[in-house]
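Listed here are the chains, written in short residue letters.
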Amino acid sequence: MSTGNMNLTLKVWRQKNNKTAGALVDYKVTDISPDMSFLEMFDVLNEQLINKGEEPVVFDHDCREGICGMCSMFINGRPHGPKDLVTTCQLHMRSFKDGDTIVVEPWRAAAFPVVKDLAVDRSAFDRVIAAGGFISVNTGNAQDANSLPIPKMQADAAFEAAACIGCGACVATCKNASAMLFVSAKISQLALLPQGQPERYRRVQSMVAQMDSEGFGNCTNTGACEAECPKGISLENIARMNRDFASAKFISEETV
Amino acid sequence: MSDINSNIPEGELTQKWTKFKSSVALVNPSNKRSIEVIVVGSGLAGASAAATLAEMGYKVKCFCFQDSPRRAHSIAAQGGINAAKNYQNDGDSTYRLFYDTIKGGDYRAREANVHRLAEVSTNIIDQCVAQGVPLAREYGGLLDNRSFGGTQVQRTFYAAGQTGQQLLLGAYSALERQIGMGKVEMYTRHEMLEVVKIDGKARGIIARNLITGQLERHFGHAVVLGTGGYGNVFYLSTNAMGSNVTAAWKAHKQGAYFANPCYTQIHPTCIPVSGDHQSKLTLMSESLRNDGRIWVPKKKDDNRKPTDIPEDERDYYLERRYPAFGNLVPRDVASRAAKERCDAGYGVGASKLAVYLDFKANTERYGKIEASKAGNHNPDKETCMRLGTAVIKEKYGNLFDMYAQITGENPYETPMRIYPAVHYTMGGLWVDYNLMTSVPGLYCTGEANFSDHGANRLGASALMQGLADGYFVLPYTIGAYLSKEISVKAIPTDHPAFVEAEAKAKGILDTLINIKGTKSVDHFHKRLGLIMWDKCGMSRSEQGLKQAIEEIRALRAEFWRDVRVPGTSDELNTELEKAGRVADFIELGELMCIDALNRNESCGGHFREEYQTEEGEALRDDVNYAYVAAWEFKEGVNFELHKEELKFENIKVAQRSYK
Ligand SMILES: Cc1cc2nc3c(=O)[nH]c(=O)nc-3n(C[C@H](O)[C@H](O)[C@H](O)COP(=O)(O)OP(=O)(O)OC[C@H]3O[C@@H](n4cnc5c(N)ncnc54)[C@H](O)[C@@H]3O)c2cc1C
Ligand code: SF4
Ligand code: FES
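If you're matching them up, the sequences are chains H and B in order.
When we follow the UniProt record's numbering, the leftmost residue of the first sequence carries the number 1, and every step to the right adds one.
When we follow the UniProt record's numbering, the leftmost residue of the second sequence carries the number 1, and every step to the right adds one.
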């Protein structure tokens, strides 16, 4: 139960709101334990700021278990920091060394405007889902769950795509701020399941249209998104979405 | 003995819900279009209700404090969801799920509600699969099941260790579909701060836009709270950081009774506290007890590595004490047993407040099965461990990763260290059979209400209850009320009741900002948590509770004198949000102790040291305490007790035994 002995310099993005400009501000934190999570280190910083009568740093977080997708810090040039396959809240200070300087910025993308300090507005993701990321089935219409067997491999693949937490790291890391990995994960989940077939092509068209209108950039296949995704969402999903999108055009032209 | 009416329909238990559904008054489609319903909360309970009400044609407004409805705390549920499908053909039935839930709750839940829950449980699975929720399957393509504590059948459906995530994303997609069609107006980053009552009925809410700080008035013909549990009153819990009691507490102060506040669930398998910096505790799902065996060394202060301690020097104390259920006893029993061993000096790890959860035996067993499937009937140990590890990885991979990430230890090689932590709150706003609180037109669903779990919730039953309430119960029962409201026109929000409620909310915010004291909100929250954990946690005593009440009252006074909230109220101010929540937690903490003190018996998660059997098991008092304690808020911070008698007409009440 010891407090730790790491001393760190933080350069943290401070920005009052979306109307004012922001800047990096230097802070020092001391006695950091390697067992702390990155956000607990920020708790220490904030307690320090409050005790000095200053305003604490605003950052988004909730579950602190790597599942809600709310935490979103851009740490030393990488979304969610230096470790692969973890979110900011699951990053622990043992990944850093005493004396390190750590730069912490918000997600940066035209479609994710800064709200305050490190918190950004990711509601564009919700609007993309509202455009078609669902199966149109009202409550009470369902048949018995086991009347539709689904091969395990297929169900597992759908589950892997469905594991996306909607954090937006893929967008933040992409030089084009493309949302293809996020959007394709949802499209793949539903395209892989028999329940998703009736709306399969309509879905891809409306979700892609919404994605474009939100101001996300194009995909130029750099693969940075997959490398930074904390949940290991695969680029294969993007390929699947592109195939479906191409087929969708073909199918809708045919039916016109 | 009851002085409150739970409105349970007449008739035989198994027929009550069917009869209710076929006789409840309906609202015709054209009327539904002009009826507005406010749903606060977008977790399983809120999102499912908001989506379903909108599908039915009501105008819905839905609120959450996170930046997206998908991030509600339900997302973090790991292990699974129960349903009486009997797909495993192991003797499950609606009655058995009903019986297990009543017994698991230590005979402190309402029979009619629990039976309804068991009845609709099967519809939930059907609904979720239809939505594309990728639940785990067997090679034959059918759904897979696992076991959870307190049952002897396999009725738990799951999606790896991410069941809550997948179920919530299903409900979220249904909700987003309605948002896209313009039938639900979604308000994210909004926090409800008051219930607005007009002529005794709930008619709206005051919500704060967390980005601009503006207070907003919203009208609804009815208001539904699906705002989650209050485990964070203990500061450290497995709940998300933002989980809070504010919505429920404000409703309580407007007349909604708060029921059984002292029933808290301490979950036996969580990662132990590692230091003072700790901000939350992480659950290791109960599903792990399917394959993990719990033990401590037989010798006190045994400092050997766990892997160096031979079999015959280990005490598998759950298997020893409860041979019939073994590692799968209910949570309250498992937690107390861990505490008992640690208090007796057998705990492990640096803090000595931990026990081992060991997967080795079952890893080896799975390995053997896999080897023999591949034709190798005499595999060596190493092969078994390798093949078995793959099986374990598939079942619990994300939990093992999470454990490794947090502790820096590899659980595939060394047993996990675990200790009980606050996890779930069975208490909550009192509701009748219709899920309506004691304020007409104000409903409460999911973990925020008290309804179905008695004094102890069985694993995988909260997800079931949240979705049952939101998809299948509330959308029907609310019709009984709304069918009488069709002639009520939308009330303009310049009505004096809205003005007054807004002024009240503003008054509290201004006061908090203007105290300009010397201590942070977290400082007070941590102190409250410590009092609660020590004196109203895993075990309670008359003396401790009386002390706790004094301490909490003093803490409340100090908070309002000395809290420091930087910034202003007309901007995004996370400290101000926390301050409001902690203020409510402090009042709730006092009520929890008062309730625990009132209940002179032990039952489920409520363990009073004075009331135990010779073997240290909980000792109920059915003659005097077979009631729901529903507390009414009184001016100042005072509480008046009302009792709802619990009648058991279909189950024989017995001493719980898992031996
Ligand atoms: C780590 C963990 C694992 C669990 N695993 C399981 C499991 O395997 N099986 C199981 O059955 N149960 C499990 N549970 C319990 C279960 O997850 C919860 O009881 C359940 O999800 C609660 O759902 P809910 O919809 O009632 O509340 P929540 O999901 O907590 O949602 C609350 C909603 O209310 C909103 N809200 C709250 N206050 C306000 C306010 N004042 N204004 C506006 N909005 C507000 C929030 O934004 C949120 O949208 C687990 C719990 C935890 C902590
Ligand atoms: S695809 Fe990965 S990085 Fe992108 S939102 Fe989903 S989880 Fe986050
Ligand atoms: S806080 Fe939930 S994923 Fe990090």
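Each hint should be verified, as a subset may be incorrect.
[Stated by the list, open to error] According to the in silico footprint, chain H covers these stretches of chain B (three or more CB under 8 Å from chain H): (1) 139–150; (2) 171–180; (3) 255–268; (4) 398–411; (5) 558–564; (6) 570–584; (7) 596–607.
To be clear, the hints were calculated from the coordinates, so they are not data collected in a lab.
Every residue, glycine too, gets a C-beta built ideally from N, C-alpha and C.
Hint check results:
1. Beta-carbon proximity to chain H at under 8 Å applies to 5 residues in the region 139–150 of chain B; the threshold of 3 is reached and the given coverage holds.
2. Under the rule that three or more residues need a Cβ within less than 8 Å of chain H, the assignment of the region 171–180 of chain B holds, with 7 such residues.
3. Figure legend: the region 255–268 of chain B, annotated as covered by chain H; annotation inconsistent (0 residues with Cβ-Cβ distances under 8 Å, at least 3 required).
4. Judged by the Cβ-Cβ criterion of 8 Å, the region 398–411 of chain B is covered by chain H as claimed, because 5 of its residues qualify and three suffice.
5. Counting residues of the region 558–564 of chain B whose CB lies closer than 8 Å to any CB of chain H gives 1, which falls below the minimum of 3, so the coverage claim is violated.
6. With 4 residues bearing a CB less than 8 Å from a CB of chain H, the region 570–584 of chain B meets the requirement of three and the coverage assertion stands.
7. Counting residues of the region 596–607 of chain B whose CB falls under 8 Å from any CB of chain H gives 0; the rule of at least 3 is not met.
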